[in-house]
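Student: Here's the letter readout for the chains.
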Amino acid sequence: MVFLLLLCLTGLPLIFSHEIDHWLHDVEPAPVGEQEGRVSVDRIVDAALAEKPGDVVQFLVADPDDPRVWFVRLGTSLRSADMSAFLTYDARTGDFLYDYPLGEGFMDVMLRLHVDMYAGLPGTLFLGAMGLLLLVSLVSGAVLYAPFMRKLPFGRIRYERSSRVRWLDLHNLLGIVTLVWLFVVSLTGVVNTLSIPIFGQWQATELTDMVARHEGGDNAQEASLDAVLTSARWAMPDRKLSFLAFPGNEFAGPHHYVAFMQGKTPLSSKLLSPVMIDAGSGAVLETGELPWYVSALLVSQPLHFGDYGGLPLKILWALLDILAIVVLGSGIYLWLKARRTGFETWFARVGADRNGERPASESGR
Amino acid sequence: MSARHRKGGHLSTREIWTVPILLGFVTMIGLIAALLANGIGDWVSWLALAIPVATTLVCLQRSR
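Residue numbers (the numbering used here), protein chains in the order written: chain U, 27 to 391; chain S, 16 to 79.
Calculated directly from the structure, the hints in this document are not laboratory data.
Hints may be right or wrong, so weigh each one.
[Unchecked claim] Listed next, the stretches of chain U that the computed footprint assigns to chain S, with coverage defined by at least 3 CB atoms under 8 Å from CB atoms of chain S:
| id | segment |
| --- | --- |
| 1 | 175-185 |
| 2 | 205-219 |
| 3 | 326-337 |
| 4 | 345-356 |
Every value quoted in this text rests on a predicted model; they were computed, and no experiment measured them.
Note that CB positions come from ideal geometry on N, CA and C, so glycine has one too.
I would like the entire structure built from these sequences, with the hints used as guidance.
Tutor: Pasting the structure below:
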C-alpha cells in the first residue's frame, strides 16, 4: 500500500515531465527564419562524438513532435544499457542546442523512485509486483462496493456520521469513479515494468534471426548516415524514423543499423517497425514488424503516461491521480481502523519491520 | 438518486451498478479516443475523462 502511494505521488509530477523539462531548460531550437533545410546527420553525429571524446553513439533519436531537432544518445560502450550523454542538435543548422543533465535534479529522483527505487531491474520488477497487488485490490474493492452501497444512493457521503463512515463513503465514491482509469494505468504500468524482459525476448529471437540471415559481407567501408536514413525512408515511405540503433548496439546487428520506424496516425505512431540496413553499403536488407508482445508494450506506454492527448489530457490524468491518492490514503486509514489498531501500534510495526522482523500481515488493503 | 432509499428500502443490484458502469464505459471511451484520432479524438477524450472528475465534485458538493 505504501509503495502504491509512492507510485501515485511520484507519478504526479512525471505526468508533466515534458512540460517541466521545457520550462526548466529552454531546449526550444531558435527558429532561424523560415529555413526548412536539413543539415547532414553525419556532421551532427561527428559533432556529438567530438563533444564527448571516447564515447560511442548508441542511438540517433527523432523528436516525434518536433522535426527541427535530433537527439544523439551516447554511451561509454555500444552495448551499455546506460547512456553517458543525450545531446540535442538543430536538424536544420547542425547547431548544438543542449546537453540533457543525466541522473540529477528533482525529476530524476521522481523518475527513479517511480521506476526502480534505485534498485535496477529487481526494483522495477518489485514495483511491477506491487502493481499486480493493486490490480487484485481493485477487483476486491469493486466486489465489496455493492454490499456497502445497498442502502446508499450513488455518491452520497454521510458527513453527519463518524469519521470512519465518512472516509468509507469517500473511499467508495472515489474508488468506483476512478476504478477503470486506475485499473488501466496499473495494468499498463505492470506491462511497462516488463519492458527489459520484453525487448530482451525480441532481441534473443527475432532480431538474432534477422541478423543471422544477413551475416558475412564485412565491408570495411562505412555508409554515410544520410544514406542509411534515406534507405530507411525509402523502405517505409509512409512512416518516419523514431530512432536509429547503431551497429553493435543491442537493438541492431554487428554490421547492421536498425531503423525503428513509426506510423503517422496517433495509434500507429506508437508502434514501431524495424528496417535493417547494411552498415557497409547502406542498402536495405530486410524490413519487418515487431511481435505482438512488443506492440502490447508500446501501446501500454501512452496509456500509462497519459501523454497522447495534449495538455488537457495530462491535467485530467493528474486530477484522476489525485483522486487515486485519496482512494489509497483512505484505504490505508480504513484498513488500520478495521484492524482496530492506532497509528502508534502501526508505526511500532513498521519500526519492527525495519529491524528485520516482519509483521504478521502487511500487504493487506 | 432514487427516492426509495429514503424509505429504508434496499437498492437493487441494478440501481447500485448503473452509474458505476456508465462511468466505466465513459472512462474507456476517454482512454481510447485520443489514441485513435487527433483533433476530434482528443476532444472526446477530454470530455469523457472530465465526466468522472466532475461527477466526484458534484457528489461531494451535493452531500454537504
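Student: Each hint: holds or not?
Tutor: Hints, one by one, checked against the model:
no.: 1; hint: 175-185; verdict: holds (count 11)
no.: 2; hint: 205-219; verdict: holds (count 4)
no.: 3; hint: 326-337; verdict: holds (count 5)
no.: 4; hint: 345-356; verdict: holds (count 3)
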